[in-house]
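Visitor: So the sequences go chain by chain: A and B. According to full-length UniProt numbering, the first sequence is numbered sequentially starting from 1. According to full-length UniProt numbering, the second sequence is numbered sequentially starting from 1.
Keep in mind that the hints were calculated from the coordinates and are not lab data. Ideal placement from N, C-alpha and C gives every residue a C-beta, glycine not left out. Check the hints yourself; a few may be wrong.
Unchecked claim - Facing chain B, according to a computed beta carbon distance under 7 Å, are these residues of chain A, among others:
# : residue
1 : Leu28
2 : Val45
3 : Ser84
4 : Thr119
5 : Arg141
6 : Arg181
Residue strings, one per chain:
There are 2 protein chains.
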Amino acid sequence: MGEFDLIAKYFDRPVRRSPLGIGDDCALLQPAPGMQLAVTSDMLVEGRHFLSTVDPRWLGHKSLAVNLSDPGAAGARPLAFTLSLALPSADAAWLAGFSEGLLALADAHGCELVGGDTTRGPLCINITAFGEVPAGRALLRSGARAGDDLWVSGTLGDARLALEAFRGRISLPQAIFDAARVRMEQPQPRVALGQALVGVATSAIDISDGLLGDLAHILQRSGVGASVNAACAPQLLAATAAGLQLDEAVVRELVLAGGDDYELAFTAPASQRAAVEAAGAQAGTRVTRIGAIDAGPGLRVLDAGGRALAQDFAGFDHFR
Amino acid sequence: MGEFDLIAKYFDRPVRRSPLGIGDDCALLQPAPGMQLAVTSDMLVEGRHFLSTVDPRWLGHKSLAVNLSDPGAAGARPLAFTLSLALPSADAAWLAGFSEGLLALADAHGCELVGGDTTRGPLCINITAFGEVPAGRALLRSGARAGDDLWVSGTLGDARLALEAFRGRISLPQAIFDAARVRMEQPQPRVALGQALVGVATSAIDISDGLLGDLAHILQRSGVGASVNAACAPQLLAATAAGLQLDEAVVRELVLAGGDDYELAFTAPASQRAAVEAAGAQAGTRVTRIGAIDAGPGLRVLDAGGRALAQDFAGFDHFR
Numbered sequence: 001m002g003e004f005d006l007i008a009k010y011f012d013r014p015v016r017r018s019p020l021g022i023g024d025d026c027a028l029l030q031p032a033p034g035m036q037l038a039v040t041s042d043m044l045v046e047g048r049h050f051l052s053t054v055d056p057r058w059l060g061h062k063s064l065a066v067n068l069s070d071p072g073a074a075g076a077r078p079l080a081f082t083l084s085l086a087l088p089s090a091d092a093a094w095l096a097g098f099s100e101g102l103l104a105l106a107d108a109h110g111c112e113l114v115g116g117d118t119t120r121g122p123l124c125i126n127i128t129a130f131g132e133v134p135a136g137r138a139l140l141r142s143g144a145r146a147g148d149d150l151w152v153s154g155t156l157g158d159a160r161l162a163l164e165a166f167r168g169r170i171s172l173p174q175a176i177f178d179a180a181r182v183r184m185e186q187p188q189p190r191v192a193l194g195q196a197l198v199g200v201a202t203s204a205i206d207i208s209d210g211l212l213g214d215l216a217h218i219l220q221r222s223g224v225g226a227s228v229n230a231a232c233a234p235q236l237l238a239a240t241a242a243g244l245q246l247d248e249a250v251v252r253e254l255v256l257a258g259g260d261d262y263e264l265a266f267t268a269p270a271s272q273r274a275a276v277e278a279a280g281a282q283a284g285t286r287v288t289r290i291g292a293i294d295a296g297p298g299l300r301v302l303d304a305g306g307r308a309l310a311q312d313f314a315g316f317d318h319f320r
Numbered sequence: 001m002g003e004f005d006l007i008a009k010y011f012d013r014p015v016r017r018s019p020l021g022i023g024d025d026c027a028l029l030q031p032a033p034g035m036q037l038a039v040t041s042d043m044l045v046e047g048r049h050f051l052s053t054v055d056p057r058w059l060g061h062k063s064l065a066v067n068l069s070d071p072g073a074a075g076a077r078p079l080a081f082t083l084s085l086a087l088p089s090a091d092a093a094w095l096a097g098f099s100e101g102l103l104a105l106a107d108a109h110g111c112e113l114v115g116g117d118t119t120r121g122p123l124c125i126n127i128t129a130f131g132e133v134p135a136g137r138a139l140l141r142s143g144a145r146a147g148d149d150l151w152v153s154g155t156l157g158d159a160r161l162a163l164e165a166f167r168g169r170i171s172l173p174q175a176i177f178d179a180a181r182v183r184m185e186q187p188q189p190r191v192a193l194g195q196a197l198v199g200v201a202t203s204a205i206d207i208s209d210g211l212l213g214d215l216a217h218i219l220q221r222s223g224v225g226a227s228v229n230a231a232c233a234p235q236l237l238a239a240t241a242a243g244l245q246l247d248e249a250v251v252r253e254l255v256l257a258g259g260d261d262y263e264l265a266f267t268a269p270a271s272q273r274a275a276v277e278a279a280g281a282q283a284g285t286r287v288t289r290i291g292a293i294d295a296g297p298g299l300r301v302l303d304a305g306g307r308a309l310a311q312d313f314a315g316f317d318h319f320r
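Chain A with its partners taken away, still in its complex shape (with noise of 0.2 Å):
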């Protein structure tokens, strides 16, 4: 099959979002009036970001729901994306594996494809995304105030834990690896909880490196510092709430440093509490409050004593 084949028929469908779609030099994008578009971009790669035994229609999906996961920290609507796909071949019940779970949750979320590029080469994915926010209201990294709370979204660490049962490293019950592997491939991005807090958060991050590793660019942007109540642990682990038994600190060590979980990271003042927690019952998901900016620089993490615990969290480095 031709490059040109394999798009038109597994990525071409009408678009209504953009003034032009697929098939052009360039695909044309307008925000609306007043609205500023929020750009990212990210790549995934074979063995690194997924296994090779995964099934297409899940890397399809969790392709886009990465970058979906930004416009959702910045709380922008998502408008569209472009697709670029590096393929060792053109293998039809692959690319319609993949298309499908792409184009589902692109659909999901209104979200259209305009653009991109199909080459052959090593199994290489990349997705830029687009949303559209109102100028000036982006969540930003940069927002944190001290005394802010700060927020998760949703459950941490059961992507991780389905990805070292895969690498052998622990042994999971049937039913309890099945939803940790749903965790680990079919990410939902946090788009609709991004949006419900503009105006409400003072600062956002997607968690995609682990909670404490994205954390920290939070506090680096904001210029703050933050306490982290690790005792939060295991309710944030789906897994616990499921009655998976594990060590205090490996269940530390998946909730604060696993990576891969795609919920949001935030901070609202604590005035804004019921605002908080009205965005998140909007959004239907789920929102627990962990910790607390601080003025003074560092991240602490504090057992339930207030103690600052001494267990050393490297979150993800993808160059470390």
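Mind docking chain B on chain A? Use the hints.
Guide: For chain B alone, kept in the frame of chain A given last:
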């Protein structure tokens, strides 16, 4: 070197055109009132789009050049781009060269790096570029009309000539090889010409896969045919002007189907010939009239006597 250090050291610079640059979940873009964003994405894979021996500086240059070529063909002014980079290792010398070549071309076009992604993996580069064009004025593939002239910019076929020399299929005098190699490794995107052609040309495309193959996209989208005068071929190959003697059929193959040229093919009414020449002069780019758009479908390559040539030309197709 960690991912974030790598970005900070080689790629993070102050941005002026974007309300928010590198370092948040999303970059923010805001086209001026009445403007549309022209968006394009191209992926480059080692062995397919560049040789492993290429100077990283020229790889950086070319990675952006092939992307800016698309806003050029749309008549858009480059504004910003995102860069996704999968690298086998964080090699300082490679990164210094790559970022130098990339950012030098970006600066030459006033186009800012606003975001992206870095990860470890087989060398793969994806850029998404953003240009600005007055709403409704972009040069599309669909605007060619029967009776229009068919034009190309610059010279064609020299990049492919260099590739064939690298492959050992042809032997070239050093000076001609050096010049052809510059065409292969350092293409100059025709963005000034594209902008000058807005309101003059009826359709345009950038020639990346070979003139005939790319022209076919204009014909398909516009519902027309075309006749190309193959007698133009020798004057379009810079190596011929420099004295290289080649078989006529080879020259035609290089010029009409060589690929990797990043010149523009475009159409304009015969009444606009002076305006096309003026646009070329304004942009400092040669323009050559090489044929005409026909009402009937099909793409005919004619010899100097107006007879159809039997020679078979097959443009690149990355999955053929």
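Visitor: Could you run down the list of hints and mark each one as holding or not?
Guide: Hints versus structure:
1. Leu28: Hint on leucine 28 of chain A: holds, closest Cβ of chain B at ~5 Å, below 7 Å.
2. Val45: 3 Å, holds
3. Ser84: With Cβ-Cβ at 4 Å, under 7 Å, it holds.
4. Thr119: 5 Å, holds
5. Arg141: 5 Å, holds
6. Arg181: Interface hint status for arginine 181 of chain A: violated (22 Å vs cutoff 7 Å).
Hint compliance for this structure: hint 6 alone is broken.
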